[in-house]
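Undergrad: Each chain, letter by letter, is given below.
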Amino acid sequence: MKTLLLVRIAVRSILKNKMRTLLTMLGIIIGVAAVIVMVAVGQGARLQIQQRIDKLGSNLVVVTPGASRSGGVNMGAGSSNRLTLDDYEALKRESMWLSSISPMIVAPAHVVGGSGNWRVAVMGVSTDYSRIRSWNVSSGRHFDETEERAMRKVAVLGQTVVDNLFPEGDPVGQTIQLRDVPFEIVGVLERKGQTAEGRDMDDVILAPWTTVRTRLAGRMYIPQILGSTDSKADIPAAQQEMKAILRESHGLASYDEDDFTLKNQSELAETAQGATEVMTMLLAAIAGISLLVGGIGIMNIMLVSVTERTREIGIRMAIGARGRDVMVQFLIESIVMSLIGGALGVAAGFGGAALLEKLSGWGTVITPQLVALALGFSATVGIFFGFYPARKAAALDPIQALRHE
Amino acid sequence: MAHEAVIRIEGLTRTYTTGSTAVQALRGVDLQVMRGEMLAIMGASGSGKSTLMNLLGCLDSPTSGNYWLDGVRVDGLGRNQLAEIRNTRIGFVFQGFNLLSRTSALDNVELPLLYSHRGLKVDRRQVALEALRSVGLADRVDHEPSELSGGQQQRVAIARALVMQPAILLADEPTGNLDSRTSLEVMALFQDLNAKGVTILLVTHEHDIAECATRVVELRDGHILRDEPVTPRRDAARQLALLPEIGA
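For the record, the sequence lines run as chains G and V. Positions 3 to 407 (our numbering) are the ones given, in order, by the first sequence. Positions 5 to 252 (our numbering) are the ones given, in order, by the second sequence.
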């Protein structure tokens with residue numbers, strides 16, 4: 003109850019010096035606003051990366067070729083190109099956990115058709131591919147299993163290819179030449195945008211893997227086998243199973259290392275998230291420093307204030323304020339100042355983040371936790387930097403303080 | 005119980021030590037102040053009257069000796085207990101008024117209540133207003149010290165000293181910063197309060213101010229030199245009435 007009276011005393015004292023209070027709070031306002039804006043930008047970047055990763059497909063497990071050793075020299079990841087269609091067929095035949103599976107045969111090809119020509123990666127995939135990558139067609143259709151089995155020369159075009167070869171409109175039903183082999187266009191893929199690394203995912207032509215393997219003569223490679231499970235929870239089991247199947251298919255002895263790599267979406271996501279996490283922390287640290295400087299500003303003003311108000315403190319003590327009362331008054335003053343400063347800083351942070359988003363186009367995300375964190379931090383700054391001046395005030399000798407001019 | 009002692013001190017000493025030199029400001033003072041008295045303490049500077057005032061006001065603790073205030077032994081109490089004694093049993097009036105600047109008269113008078121447990125139980129505004137009324141400043145409650153004359157400021161300070169209804173009112177050179185007319189006004193107020201039963205102890209070096217009291221104690225070199233009743237007592241209110249009106 004008595005604390006309430008002390009709060010009143012402190013608030014009265016703050017209001018007496020409006021200009022000084024505002025200037026003191028400015029440090030906290032800027033500090034908190036900076037924290038909010040910086041972290042909002044970091045979290046916005048994180049969200050965008052998350053969305054891009056989600057676009058890659060759901061519950062995805064990717065098999066990539068592993069490292070090969072030649073006489074003790076490790077050639078690094080991808081150096082052993084032992085990923086084969088046999089692996090794909092073994093996985094398709096034996097895996098219980100995978101609900102969808104597709105190989106990826108990449109055949110770089112020159113495509114001629116429509117209004118010109120274009121160089122593109124033709125990808126031979128199974129009918130599961132569209133499901134695994136959750137990639138639908140915007141017009142026409144995907145090829146079906148009959149076409150896959152019959153090695154039909156059908157193709158589904160990415161938007162970038164369509165933009166370059168058929169700028170005037172829908173190419174479904176028309177024919178293109180891939181390495182001089184005519185393919186019928188049965189569908190056009192939805193626009194998917196760029197990968198996080200900036201590669202254009204729409205610059206692609208999909209065809210049945212059986213067709214690519216048999217009809218397109220020349221260079222081709224299998225960089226990946228893609229699989230997916232029904233739910234995220236199945237991924238660890240699926241991965242274990244795939245590993246066993248692939249080791250057997252590759253004839254590895256128990257002491258041999260894997261010559262392939264299994265990666266799932268969450269690992270991919272973690273890597274990317276880790277990078278943005280570091281970025282966010284860095285931004286927050288820079289902003290935190292400005293908050294710290296703001297806190298030191300409060301301490302400075304409070305120290306000056308204690309000296310300046312020594313006589314006032316003496317008067318208060320003479321009429322019955324205990325050391326503790328004086329200390330609590332000064333502490334409350336600094337806490338109230340930093341809390342009000344924090345609240346104004348949050349408002350400024352919201353404004354700043356919105357402005358930044360408008361000017362730069364970066365996404366920003368402000369979570370309630372962030373606001374709570376910023377306010378909590380500014381209150382802590384108030385207590386921490388208010389404590390020393392408050393204690394100094396409380397320790398004053400009333401007689402000396404009264405004599406102070 | 006009209007003759008109980010509000011203040012009783014026995015063998016009070018106070019020695020200030022700075023480095024290796026010790027200064028004995030008080031060398032064993034015995035004194036009793038009865039309820040309803042108006043005591044003036046006189047003495048040249050360095051006689052120890054300020055030290056005695058600080059000790060009586062519980063702003064300082066004696067080096068040795070005993071001190072009972074209002075029947076409670078207060079020597080040897082801690083900082084916080086002394087603060088509470090100052091809050092509830094002592095009212096201070098200073099030479100320099102010592103009001104909080106940029107704070108209304110009412111807020112200044114209310115201040116002791118804010119530091120008191122009693123302040124939680126009463127209507128603080130009302131109590132403060134009553135105290136201001138008793139010193140004749142009911143029409144100046146919202147004025148800040150800078151908007152008040154010296155005499156008015158001192159009356160606000162007296163109201164603040166009285167608001168907790170203390171056992172004793174301690175005044176340290178209360179007229180030191182005032183002209184003679186205003187000094188008389190303040191002394192008339194003191195005499196009026198004293199007549200209503202407030203025990204007052206004031207420090208002064210002016211004889212005509214001391215003559216307004218009922219008893220004078222003179223200090224020299226940390227000892228009591230003289231302790232005698234005032235006869236005849238000066239009536240400040242009547243002298244004020246004899247002064248020509250300003251501007252008349």
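Calculated directly from the structure, the hints in this document are not laboratory data. Do not rely on the hints blindly, as some may be mistaken.
What the hints assert, rightly or not - A short, non-exhaustive set of chain V residues, derived as facing chain G with CB atoms under 8 Å:
hint, residue
1, GLY80
2, ARG83
3, LEU104
4, ARG106
Stated by the list, open to error - List time: in silico EDC-like cross-link candidates among lysine to aspartate or glutamate, alpha-carbon distance up to 20 Å:
hint, chain 1, residue 1, chain 2, residue 2
5, G, LYS234, G, GLU250
6, G, LYS94, V, GLU14
7, G, LYS394, V, ASP64
8, G, LYS18, G, GLU310
9, G, LYS94, G, ASP130
10, G, LYS20, V, ASP111
11, G, LYS360, V, GLU151
12, G, LYS194, G, ASP182
13, G, LYS394, G, GLU407
14, G, LYS18, V, ASP64
15, G, LYS245, G, ASP258
16, G, LYS234, V, ASP64
17, G, LYS20, V, GLU148
18, G, LYS155, G, ASP202
19, G, LYS245, G, GLU96
20, G, LYS155, G, GLU170
Glycine included, every Cβ here is placed at the ideal spot set by N, Cα and C.
Undergrad: Please go over all the hints and tell whether each is borne out by the structure.
TA: Each hint, compared with the structure:
{"no.": "1", "hint": "GLY80", "verdict": "17 Å, violated"}
{"no.": "2", "hint": "ARG83", "verdict": "6 Å, holds"}
{"no.": "3", "hint": "LEU104", "verdict": "6 Å, holds"}
{"no.": "4", "hint": "ARG106", "verdict": "5 Å, holds"}
{"no.": "5", "hint": "LYS234(G) to GLU250(G)", "verdict": "25 Å, violated"}
{"no.": "6", "hint": "LYS94(G) to GLU14(V)", "verdict": "106 Å, violated"}
{"no.": "7", "hint": "LYS394(G) to ASP64(V)", "verdict": "19 Å, holds"}
{"no.": "8", "hint": "LYS18(G) to GLU310(G)", "verdict": "14 Å, holds"}
{"no.": "9", "hint": "LYS94(G) to ASP130(G)", "verdict": "11 Å, holds"}
{"no.": "10", "hint": "LYS20(G) to ASP111(V)", "verdict": "18 Å, holds"}
{"no.": "11", "hint": "LYS360(G) to GLU151(V)", "verdict": "53 Å, violated"}
{"no.": "12", "hint": "LYS194(G) to ASP182(G)", "verdict": "28 Å, violated"}
{"no.": "13", "hint": "LYS394(G) to GLU407(G)", "verdict": "18 Å, holds"}
{"no.": "14", "hint": "LYS18(G) to ASP64(V)", "verdict": "31 Å, violated"}
{"no.": "15", "hint": "LYS245(G) to ASP258(G)", "verdict": "13 Å, holds"}
{"no.": "16", "hint": "LYS234(G) to ASP64(V)", "verdict": "75 Å, violated"}
{"no.": "17", "hint": "LYS20(G) to GLU148(V)", "verdict": "17 Å, holds"}
{"no.": "18", "hint": "LYS155(G) to ASP202(G)", "verdict": "24 Å, violated"}
{"no.": "19", "hint": "LYS245(G) to GLU96(G)", "verdict": "12 Å, holds"}
{"no.": "20", "hint": "LYS155(G) to GLU170(G)", "verdict": "24 Å, violated"}
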